[in-house]
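Construct the complete structure from the given sequences, taking the supplied hints into account.
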Amino acid sequence: MPPEDPAPTEELLQIQIAIELDRGRKIAEIASEFQVPERQVRNIARSAGLLESKKSSSGRKRLSEEEKEILLGRIEAGEDPGELASGVGIKTSTLLRWCRVKEIEVPRRLEQLS
Numbered sequence: 002m003p004p005e006d007p008a009p010t011e012e013l014l015q016i017q018i019a020i021e022l023d024r025g026r027k028i029a030e031i032a033s034e035f036q037v038p039e040r041q042v043r044n045i046a047r048s049a050g051l052l053e054s055k056k057s058s059s060g061r062k063r064l065s066e067e068e069k070e071i072l073l074g075r076i077e078a079g080e081d082p083g084e085l086a087s088g089v090g091i092k093t094s095t096l097l098r099w100c101r102v103k104e105i106e107v108p109r110r111l112e113q114l115s
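For reference, each letter of the sequence shown is one residue, going 2 to 115 in our numbering.
These aren't lab readings, by the way, just hints derived from the structure by calculation.
These numbers were taken from a predicted model, which means no experiment stands behind them.
Be aware that one or more of the hints could be misleading.
[As the list claims (entries may be wrong)] 30 Å max Cα-Cα, derived DSS-like pairs, lysine-lysine:
| hint | residue 1 | residue 2 |
| --- | --- | --- |
| 1 | K69 | K92 |
| 2 | K69 | K27 |
| 3 | K92 | K103 |
As structure tokens, then:
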């Protein structure tokens with residue numbers, strides 16, 4: 002029978018760290034206990050789905066051409082571009098640029114005229 006290796010394998014270490022993360026412990030606390038860099042604990046947390054990647058928190062949203070056409074039609078019908086833009090999560094300036102490209106006249110509100 003081969004002697005047991007007292008040092009945990011890398012895979013076992015990752016599993017133990019993931020368990021501790023799942024229990025809600027802090028990254029710094031776990032890194033200190035397992036004597037690994039915090040960066041390694043964060044990477045394990047990301048791969049286990051316990052920590053969101055910075056890349057996934059991008060606020061950018063792409064709309065299909067059909068969705069753009071619907072929004073532009075609503076503006077032509079007199080809806081406020083600012084309210085529409087905030088409702089779908091895009092900037093008002095983006096919506097107004099689409100209007101200029103499609104040569105859609107944006108109705109002005111009374112308070113904008115004075």
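Holds or violated: K69 with K92, Cα cutoff 30 Å?
13 Å, holds
Given the hinted pair K92 and K103, is their Cα-Cα distance within 30 Å?
17 Å, holds
Quick one, are K69 and K27 close enough, alpha carbons at most 30 Å?
This hinted pair is violated, its Cα atoms lying about 43 Å apart.
Taken one by one, the earlier hints fail for this structure only at number 2.
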